[in-house]
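Same order as they appear, the protein sequences are chains A and B. Residues in the first sequence are numbered from 1 upward in steps of one, following this note's numbering. Residues in the second sequence are numbered from 1001 upward in steps of one, following this note's numbering.
Keep in mind the hints are simulated off the structure, nothing from the lab. Possibly wrong hints are sitting among the right ones.
As the list claims (entries may be wrong) - Cut-off 25 angstroms, straight-line C-alpha distance, at most; resulting in silico cross-link-like pairs (SDA-like, lysine to any residue): (1) Lys170/A / Asn1120/B; (2) Lys1084/B / Glu134/A; (3) Lys1084/B / Tyr196/A; (4) Lys1006/B / Asp67/A; (5) Lys1160/B / Arg1029/B; (6) Lys193/A / Thr1191/B; (7) Lys1116/B / Leu168/A; (8) Lys1116/B / Leu194/A; (9) Lys1116/B / Tyr172/A; (10) Lys193/A / Asn1193/B; (11) Lys1116/B / Tyr196/A; (12) Lys191/A / Ala1201/B; (13) Lys191/A / Phe1183/B; (14) Lys1054/B / Met159/A; (15) Lys1116/B / Glu139/A; (16) Lys1116/B / Ala174/A; (17) Lys1084/B / Ala88/A; (18) Lys193/A / Glu1189/B; (19) Lys1116/B / Glu134/A; (20) Lys170/A / Pro197/A; (21) Lys1116/B / Asp67/A; (22) Lys193/A / Pro1190/B; (23) Lys191/A / Arg1029/B; (24) Lys193/A / Ala1201/B.
All values reported here derive from a predicted model rather than from experimental measurement.
Here is what each chain is made of, one letter per residue.
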Amino acid sequence: MMPDLAAILSRVQTALPAAALALRRNPGPAGQDSLLVAPADLVAVCRFLRDTPELAFDLLSNVTGVDWPDPATADAVAVPAEATAPAACGFLEVVYHLYSTPRRVGPLVLRARTADRAAAVQLPSVVAVYRSAEFQEREIYDLFGVIFTGHPDLRRILMWDEFLDHPLRKDYVAPDDYQYEPTPHDAVLEKAKLHYPAKAES
Amino acid sequence: MAIDPKLAEDLKSQGVHVTSFESLINWGRASSLWPLQFGLACCAIEMIAATMAKYDMARFGAEVFRPSPRQADLMIVAGTVTKKMAPQVVRLYNQMAEPKYVIAMGACAISGGPFKDGYNVLKGIDRFIPVDVSIPGCPPRPEALLHGLITLREQIAKEKLLGRTRARHADPNAGAELPVPTFGPHDLEPTFNPDLWNPPAITRHASES
């Protein structure tokens, strides 16, 4: 059963009047609306959602990241319910899927956004509330470069420690090790052409 | 040292076996290949199936999977080799005692397979260790692995222990260890071992196709 986001939003705003939350509509076929949470309030909101008996979102099923180099695209996917000023620059977004196992409700989709994609990529870690976030936040740190402040053990989990890039960012360029392709086509052909010998003068 | 096959056959009928030292040693080596027990992905499941009763790799003397590279003769690279795993695979190969052989099992171990476009997938283990037999398939069926094993046995039976064309493990000048690639900031360093593998010369030109 999908959660009633408007009711949850008003309940959170009553309990935590200082928290900045906004409802985001999803016009796509999935129709999964979400709550956009300000990073500073994320841990408090998660704790409230988990500990309030009428909500009891006790399971963090999934944490994932999205890279939005163009903020207009992000607002087209998660449409703001009220007119808001668009973000000035691209940002990284982390999406949390919460479920309530006693009430059989979910997923409740939370979104949190970093300030930009270069320097201010910090977000608070929710490991203190949901232990299951530990490895998933490490994976997002590894592949997107979001730095989770307060994470107990923020290391790369898939790539090696010496690796510097974040492969799931849109502007990541994979290392060019296509020295040989038997039947290249499309993007691989373009890469393979870089390794072709120069045409001999005849 | 060639033996007249007809004479050898005559002697055999009298209970006398005549053979060369070389074929005796190769026969022993080919008939008791001990694979290193490790798998990297789904191909390993087919490798396990090949050792079980239905396919019974024991028929070919290769059922003794050893958990230590010191006791193994054969490395079956079964599965996708990620760049993070590649140095460990090369290190395991270095730790195996000579003579040692490598089977690259499945599309991933040969070339990267369906994950070839991935940033973290090694595009063929032959870039770092010498491969004796490649088994195509995704994953290859157990019969294909058995066929690869038999092919390797045939290769071992033809190995020369002396002379200019002798096998690598019989050559005292052959290098003992292969360089282990290190983790770089963007990719493995180096991305391949130029003594073993080099990009094939491409005859196409940039203006074509």
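Hints, verified against the model:
1. Lys170/A / Asn1120/B: Between lysine 170/A and asparagine 1120/B the Cα gap is close to 16 angstroms, so the pair holds against 25 angstroms.
2. Lys1084/B / Glu134/A: 21 angstroms, holds
3. Lys1084/B / Tyr196/A: 28 angstroms, violated
4. Lys1006/B / Asp67/A: It is violated: about 75 angstroms lies between the C-alpha atoms, which goes past 25 angstroms.
5. Lys1160/B / Arg1029/B: Roughly 13 angstroms between the alpha carbons, so the hint for lysine 1160/B and arginine 1029/B holds.
6. Lys193/A / Thr1191/B: This hinted pair holds, its Cα atoms lying about 19 angstroms apart.
7. Lys1116/B / Leu168/A: 16 angstroms, holds
8. Lys1116/B / Leu194/A: Holds, at roughly 17 angstroms.
9. Lys1116/B / Tyr172/A: 17 angstroms, holds
10. Lys193/A / Asn1193/B: 22 angstroms, holds
11. Lys1116/B / Tyr196/A: Roughly 19 angstroms separates the two Cα atoms, so the pair holds.
12. Lys191/A / Ala1201/B: Holds - the C-alpha atoms of alanine 1201/B and lysine 191/A are around 16 angstroms apart, at most 25 angstroms.
13. Lys191/A / Phe1183/B: Between lysine 191/A and phenylalanine 1183/B the Cα gap is close to 23 angstroms, so the pair holds against 25 angstroms.
14. Lys1054/B / Met159/A: 38 angstroms, violated
15. Lys1116/B / Glu139/A: 22 angstroms, holds
16. Lys1116/B / Ala174/A: Judged against 25 angstroms, a Cα distance of about 12 angstroms means the pair holds.
17. Lys1084/B / Ala88/A: Given that 25 angstroms is the threshold and the Cα spacing comes to 37 angstroms, the pair is violated.
18. Lys193/A / Glu1189/B: Within the cut-off at roughly 23 angstroms; holds.
19. Lys1116/B / Glu134/A: Answer violated: lysine 1116/B to glutamate 134/A is near 30 angstroms, above 25 angstroms.
20. Lys170/A / Pro197/A: It is violated: about 30 angstroms lies between the C-alpha atoms, which goes past 25 angstroms.
21. Lys1116/B / Asp67/A: 23 angstroms, holds
22. Lys193/A / Pro1190/B: Given that 25 angstroms is the threshold and the Cα spacing comes to 21 angstroms, the pair holds.
23. Lys191/A / Arg1029/B: Violated, at about 44 angstroms.
24. Lys193/A / Ala1201/B: 13 angstroms, holds
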